[in-house]
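Participant: Those protein sequence lines, which keep their order, are chains A and B. All residue numbers for the first sequence refer to the UniProt record's numbering, where the first residue is 1 and numbers rise by one. All residue numbers for the second sequence refer to the UniProt record's numbering, where the first residue is 1 and numbers rise by one.
Heads up, some of the hints might be wrong.
What the hints assert, rightly or not - With beta-carbon atoms standing in for the labels, derived distance ranges:
1. B/A650 - A/K142: 52 to 58 Å
2. A/G174 - B/N707: 47 to 53 Å
3. A/Q159 - B/E665: 53 to 59 Å
4. A/R69 - B/L564: 21 to 27 Å
5. B/Q740 - A/S17: 40 to 46 Å
6. A/E68 - B/E665: 21 to 27 Å
7. B/R745 - A/G174: 32 to 38 Å
8. A/E68 - B/L564: 38 to 44 Å
9. B/S594 - A/G174: 54 to 60 Å
10. A/G174 - B/S580: 51 to 57 Å
11. B/K753 - A/Q159: 28 to 34 Å
12. A/G174 - B/K608: 49 to 55 Å
13. A/N128 - B/L564: 51 to 57 Å
To be verified - Chain A side only, calculated, beta carbon under 7 Å to chain B, not exhaustive:
14. L37
15. I41
16. G42
Claimed, not checked - Over 12 Å on every C-beta distance to chain B, these chain A residues come out as not near it, computed from the model:
17. E36
18. Q82
19. T91
20. I124
21. T154
22. C160
23. T172
Derived from the structure by calculation, the hints contain no laboratory data. Glycine included, each C-beta is placed from N, C-alpha and C at the ideal position.
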Amino acid sequence: MDEDVLTTLKILIIGESGVGKSSLLLRFTDDTFDPELAATIGVDFKVKTISVDGNKAKLAIWDTAGQERFRTLTPSYYRGAQGVILVYDVTRRDTFVKLDNWLNELETYCTRNDIVKMLVGNKIDKENREVDRNEGLKFARKHSMLFIEASAKTCDGVQCAFEELVEKIIQTPGLWESESQNKGVKLSNKEEGHGGGACGGYCSML
Amino acid sequence: MSVSVTVISPQGEVCTMITKKYSEFLPGMQSAEELVARVDGLSRSVDLLRAGVENEVQRDLTVAVAEFTELKQQLEQDTLVLSILKKLQEFDTALKEYNTALLEKRYIEAAQQLEKARSSLKTLESRKGFELKILKALRTELTVQTQNMLYHLGEEWQKLAVWKLPPSKETIGPESVMHSELHLCTLPSKEEEIAGPPVASVLQAFAVLGELHTKLKTFGKLLLKYILKPLISYPFLQPFVEEQSDVVILKFKSEKPDLDHSSPVEVFDKIKFILEVLHKYLLNVPVEQCVEDKKECRVTLAELLGDMIWEELSDCLIQNCLVNSIPTNSSKLEQYIEVIKSTEEFEKALKKMQFLKGDTTDLLKYARNVNSHFANKKCQDVIVAARNLMTSEIHNTVKITPDSSVALPKLPDPGSGDHVKMQKTSKLPNEMVNLENDSKLSQYTFSLPTCRISASVEKLMELAYQTLLETTASTDQCCIQLFYSVRNIFQLFYDVVPTYHKENLQKLPQLAAIHHNNCMYIAHHLLTMGHQFRYRLTNILCDGAATFVDLVPGFRRLGMECFLAQMRVQKGEILERLSSARNFSNMDDEENYSAANKAIRQVLHQLKRLGKVWQDVLPVNVYCKAMGTLLNTALSEIVTRIVALEDISAEDADRLYSLCRIMVEEGPQVFTPLPEEDKNKKYQEEVPVYVQKWMMFKELMIILQANLQEIVDQWADGKGPLAAEFSPAEVKSLIRALFQNTERRAAALAKIK
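So that you can see chain A by itself, here it is in the shape it has in the complex (with noise of 0.2 Å):
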């Protein structure tokens, strides 16, 4: 199976409901896009594993569920990520707002102090922007997040954000190496340029 993959993460994908978390989701593993996408019910996962400059790396993706009345499960998701996508909608300023709290809740469960995260400002093909990019990226500056603007309808960015969030999880040796080398696997500096054009969806080998 996929022996080659350098190693797993686990990814979590946070912010208000209905910002687009599930959308991008599905637009980066699945490739599809819903407009009607129902409101995710708890929590959701993906696998899927990317290519970044050769590495391999397996994705486990927890898209997790925006709505109040589930936030009571979400702390437990949080145990062992290493990198949280932190998703707005630029149309709606409220969901920029928020994103204190959301910081707040991760700083608060999440197990490592190192954990990656990426701002992500979805929605850019909608024309009633309320949040302006510069803002966003200030934003994100200030808590040292990475920041992208996507449209998962569009494909805008999505491919992207994963890549650069994995890129710099893979680039944050602390974060992933000790587990690595727990399992025994033994790397050299030299891995990249392998093993690049994966197969994009995750493919069944039974």
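Dock chain B against the given chain A, drawing on the hints supplied.
Facilitator: Just chain B, lined up with the frame of chain A:
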């Protein structure tokens, strides 16, 4: 030879000698013997003589003694007879005297003579062993005469005091009582003016005969039954007196029959009026003649009558008049001073008429004690009312919403008094203080969530508030008593309800839920109840004693324990039903499958039924928690059983999956906290929040349908959801059960760690 001759000679001599001597002695001897014989004869005759004399004298003596005794007895008898005759004579004289006296209607004398006769007879009879026939006759005669006398007296008495009573004997309704009359004869009959007023003489004669007591008792009874008690009980009766030439008639007239209870003041006046009339015409008679013991000497009739009827009368007054006059609410307590005053006057008047002895103050004592009576009455009423509420049905419910600011009475502004200022708290939830912070608390933050409670409990709480409100206007003593009655209400609830309704609370899940709500509702109110009245209670209670907060944990525990017990029952039932699912093994066997299917259907049915009976009853969050816990019990039991299976064929897996799907599809549908069907969708979606093992169950379902790669992906190096729900050992065991031993399986197993 010579010698022999010589010897023979002395011999002869001696012989001669002896013969000579002997002949000399013999006559002497003979004479002596004669003499002895003569003496003997003499002595015999002396003896004879003496015996003869003694015999004769003795006989005479006996005769004399007998004679003497006889004489003596004779004498005694005669004396006795004489004394008896004397007594008989006395008796006779007495009777004669009595007869003349009776004819002349000198009753007192007649009575006294009769008494004299009686005492004579008594003396006669007291001699024992001495029974004369005449005594019997005399006794009969005396009895006859006594009865005769009593008859005459009775006649006279009946002329003097005539009752006209309502005909019907069974019931004394207000209507029939109306017709009671008492006629009192006032003037002495003209023929005789010897013994003073007839009333006095008749009554004194009764007294002498010892019958006064019974007569007066009868009179007193009638007086009580037909005049005094009706006067107390029926406020519309108005007594009045009609004076005719020689008769005074005591009658009733009716007015305004609309009152329930008359005021004590009026009743006192009426009774005083009656007694005054009686006193004036009938009873102002000293029973002067001393009858044997001297105590009775100065006793007047009024006093006697008073002694007889007072106890009953005062009881009746207290029970039917004063008790009713005790105010039921404290504002009227002030006015009660009037009643106290009139009671005092009433008793004074009665004492003046000598109806009452100087030291009797039953009524006044009672009336003066009004505060304590008020409090006692109130407390008793409150507890009785509370108990009735507690023993009434639990299942009559009312809906409580945060908007319903129940039962809180409007309290008077305490600022006017010298109490510490406090904020108005008449409607707690609606007057939230704005916090400095921008974000305000919801006005419902501290409200009890919407739920159903027993109507009786709502009333109980109202009762508690009303009673506390009452305390604010009460005297110290009363306030304390009432305050503790309110606490007692709750103590009573704590003890009575779980016991009284025990069986139903165990049997019926809905009642358990309502009881749970009831307890929480009460606890909720107890939190603030003390504070609301804090500055309005008496000083003694102000120092933090007036609180109900200490009862809060108990009540919460009470409600919780009841409901938890019910939850345990339900949980037991669910597990019981699942135990018939044959461990979910060998599902390819039709019989096993149908058993498991049935078990699952049963569980769902049970949950559905519970979801229905708790609907709209439990607060939504409690409802969801409870249903979630029970559903969780079922799911986790199923998971445990399936994970324990050692071999799951492809068909088994399919069937297990379809069983699980029934649970996952229909499980959430039992969440129907609200009666409006469309509003329940939200809670059905939130099932993963309430059911802890929901995700685990879903993961299990994925595994049942997944291939090895998919399982490995779900595990995702311990970072996927499968790893979050199951241990590596569990997943490995499942893989081994589901898949045949191949290299691929080995590879997959190797990734689960």
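Participant: To test your reading of the hints: which numbers does this structure violate?
Facilitator: Per hint list: 2, 3, 8, 14 and 18 violated.
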